[in-house]
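Protein chains: 2
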Amino acid sequence: MARIKPGKNTTRKELITRKAATLFKSKGYAVASMRDLAESIGVEAPSLYNHIGSKSEILRSICFTVAGSFTSHLEQTLQGTDPILHKVAAIIRFHIGMMLNDFDAVYVSNHDWKHLDEPYLSDFLNQRREYERKFVQLIQEGARRGEIKDTDPYVVVLTILSAVRGLEFWQHHKKNISTDNLENNMVDHLLNGIAK
Amino acid sequence: MARIKPGKNTTRKELITRKAATLFKSKGYAVASMRDLAESIGVEAPSLYNHIGSKSEILRSICFTVAGSFTSHLEQTLQGTDPILHKVAAIIRFHIGMMLNDFDAVYVSNHDWKHLDEPYLSDFLNQRREYERKFVQLIQEGARRGEIKDTDPYVVVLTILSAVRGLEFWQHHKKNISTDNLENNMVDHLLNGIAK
Chain A
1 MARIKPGKNT TRKELITRKA ATLFKSKGYA VASMRDLAES IGVEAPSLYN
51 HIGSKSEILR SICFTVAGSF TSHLEQTLQG TDPILHKVAA IIRFHIGMML
101 NDFDAVYVSN HDWKHLDEPY LSDFLNQRRE YERKFVQLIQ EGARRGEIKD
151 TDPYVVVLTI LSAVRGLEFW QHHKKNISTD NLENNMVDHL LNGIAK
Chain B
1 MARIKPGKNT TRKELITRKA ATLFKSKGYA VASMRDLAES IGVEAPSLYN
51 HIGSKSEILR SICFTVAGSF TSHLEQTLQG TDPILHKVAA IIRFHIGMML
101 NDFDAVYVSN HDWKHLDEPY LSDFLNQRRE YERKFVQLIQ EGARRGEIKD
151 TDPYVVVLTI LSAVRGLEFW QHHKKNISTD NLENNMVDHL LNGIAK
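Going down the list, the sequences are from chains A and B.
Using the working numbering, you'd call the opening residue of the first sequence number 1 and step up by one each time.
Using the working numbering, you'd call the opening residue of the second sequence number 1 and step up by one each time.
FYI, nobody ran anything at the bench for these hints, they're computed from the structure.
Just so you know, these numbers come straight off a predicted model, no measurement behind them.
Hints may contain errors.
It does not matter which identical chain is used: a pair holds within one copy or between any two.
What the hints assert, rightly or not - Computed list of lysine-lysine pairs in BS3-like fashion (alpha-carbon distance at most 30 Å, straight line): (1) Lys19 x Lys196; (2) Lys13 x Lys25; (3) Lys25 x Lys114; (4) Lys19 x Lys114; (5) Lys19 x Lys55; (6) Lys114 x Lys149; (7) Lys25 x Lys149; (8) Lys55 x Lys25; (9) Lys149 x Lys196; (10) Lys13 x Lys114; (11) Lys149 x Lys55; (12) Lys134 x Lys114; (13) Lys114 x Lys27; (14) Lys55 x Lys27; (15) Lys114 x Lys55; (16) Lys27 x Lys149.
Throw the hints in and build the complete structure from the sequences for me.
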């Protein structure tokens with residue numbers, strides 16, 4: 001029976017989670033089985049259970065790892081003394097980076113959180129709400145300081161988060177543009193608009 | 001057996017399609033049955049078949065009605081002599097209006113087109129690609145005329161279409177803001193940015 005071989009700096013559990021994100025994204029969480037997962041890793045199903053308890057445990061791991069990355073980046077960004085617009089730019093860049101570099105996990109977290117069991121579901125939704133609330137506060141602070149236009153902060157946050165999430169569709173196109181260019185253009189659009 | 005009673009100016013088929021969009025959105029196209037649909041309209045399943053052939057016929061009707069609305073609005077907008085930025089604003093406003101006023105149908109069209117049968121699937125995807133291509137051309141024309149910044153036109157179109165599509169998530173929030181305000185803020189953000 002083949003053993004689960006992670007690369008350098010990757011634990012077995014991380015390897016399984018990464019493969020699972022790819023599988024859930026392509027096949028759909030509800031339909032994908034532990035047997036499919038074992039197959040995609042190249043091991044027998046029983047050996048998976050030495051490392052991970054269940055499919056729902058893997059989903060939890062994916063969703064909370066992604067949510068944790070976003071939350072800790074936000075906390076760190078909010079603490080700095082940069083101008084508010086720089087902070088907003090950093091948040092947008094982080095979202096784009098996550099979409100481009102950790103796409104499968106972010107996709108599963110965005111689509112399959114609905115399948116989390118309680119109390120994890122409520123916990124996950126609370127984390128998302130808190131994230132949005134703090135982002136809205138940052139926009140409000142920017143408006144107070146005169147760095148950001150006096151506009152509805154919820155709409156600003158919705159527009160930004162929707163735009164970066166839309167990179168999901170970008171993956172289908174794979175237009176001929178470097179990721180740096182993509183990132184710079186999108187950040188500039190969302191901060192400064194397109195009107196000349 | 002109850003008869004299908006449409007309102008004024010609504011055909012029976014339109015009524016069925018509207019009810020189906022709401023059902024598909026809430027229950028999922030794959031899971032929703034013609035029996036569920038009959039129940040949501042308040043008639044027996046057989047009387048549905050007097051008006052519509054199958055579930056997939058309804059899905060086609062929803063997807064192509066939505067796609068047709070977007071395409072004909074775009075064609076009309078492109079023909080005018082307005083400044084390019086006005087045209088872009090009109091397109092954004094139309095998308096927001098569709099999301100707010102015809103949400104269930106747009107949602108189903110955005111999510112369930114995957115379930116279309118051939119040749120409808122290819123036709124639908126072609127319509128979407130054509131729409132994006134013409135929108136990209138409009139942005140390029142704006143840059144040529146010096147009305148729009150010299151930026152990557154695909155990224156601009158992706159950012160705009162993703163932002164308006166994100167109104168899908170807005171429905172969950174129902175924040176205390178008028179639809180006019182929402183529309184004006186989002187259009188201003190996408191054209192002129194948020195930086196002061």
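Hints and how they fare:
In the homo-oligomer, the alpha carbons of Lys19 and Lys196 never lie at most 30 Å apart, since the shortest distance is 45 Å inside one protomer and 44 Å across protomers. Taking identical chains as interchangeable, the C-alpha atoms of Lys13 and Lys25 lie at most 30 Å apart only when both belong to the same chain, with a minimum of 18 Å there against 36 Å between chains. When the C-alpha separation of Lys25 and Lys114 is checked against a cutoff of 30 Å, the pair qualifies both within a copy, at 14 Å, and between copies, at 15 Å. In this homomeric assembly, Lys19 and Lys114 come within 30 Å of each other (Cα to Cα) both inside a single copy, at 20 Å, and across copies, at 24 Å.
Only within a single protomer do Lys19 and Lys55 lie at most 30 Å apart by alpha-carbon distance; the minimum there is 12 Å, versus 35 Å between protomers. Taking identical chains as interchangeable, the C-alpha atoms of Lys114 and Lys149 are never at most 30 Å apart, the minima being 35 Å within one chain and 40 Å between chains. For a Cα distance limit of 30 Å, the shortest separation of Lys25 from Lys149 qualifies neither inside one copy, at 38 Å, nor across copies, at 36 Å. Within a single copy, Lys55 and Lys25 get their C-alpha atoms as close as 14 Å, and across copies as close as 26 Å, so both meet the 30 Å cut-off.
For a Cα distance limit of 30 Å, the shortest separation of Lys149 from Lys196 qualifies both inside one copy, at 17 Å, and across copies, at 5 Å. Within a single copy, Lys13 and Lys114 get their C-alpha atoms as close as 23 Å, which meets the 30 Å cut-off; across copies the closest is 33 Å, which misses it. Neither within a single protomer nor between protomers do Lys149 and Lys55 lie at most 30 Å apart by alpha-carbon distance, with minima of 46 Å and 48 Å respectively. In this homomeric assembly, Lys134 and Lys114 come within 30 Å of each other (Cα to Cα) only inside a single copy, at 23 Å, whereas the closest approach across copies is 36 Å.
In this assembly of identical chains, Lys114 and Lys27 lie within 30 Å of each other by CA distance both inside one copy and across copies; the values are 16 Å within and 14 Å between. Proximity of Lys55 and Lys27 under a CA criterion of 30 Å is satisfied in both settings, with 14 Å inside one chain copy and 24 Å between copies. Both within a single protomer and between protomers do Lys114 and Lys55 lie at most 30 Å apart by alpha-carbon distance, with minima of 14 Å and 26 Å respectively. For the homomeric pair Lys27 and Lys149, neither the shortest alpha-carbon distance inside one copy (43 Å) nor that between copies (40 Å) is at most 30 Å.
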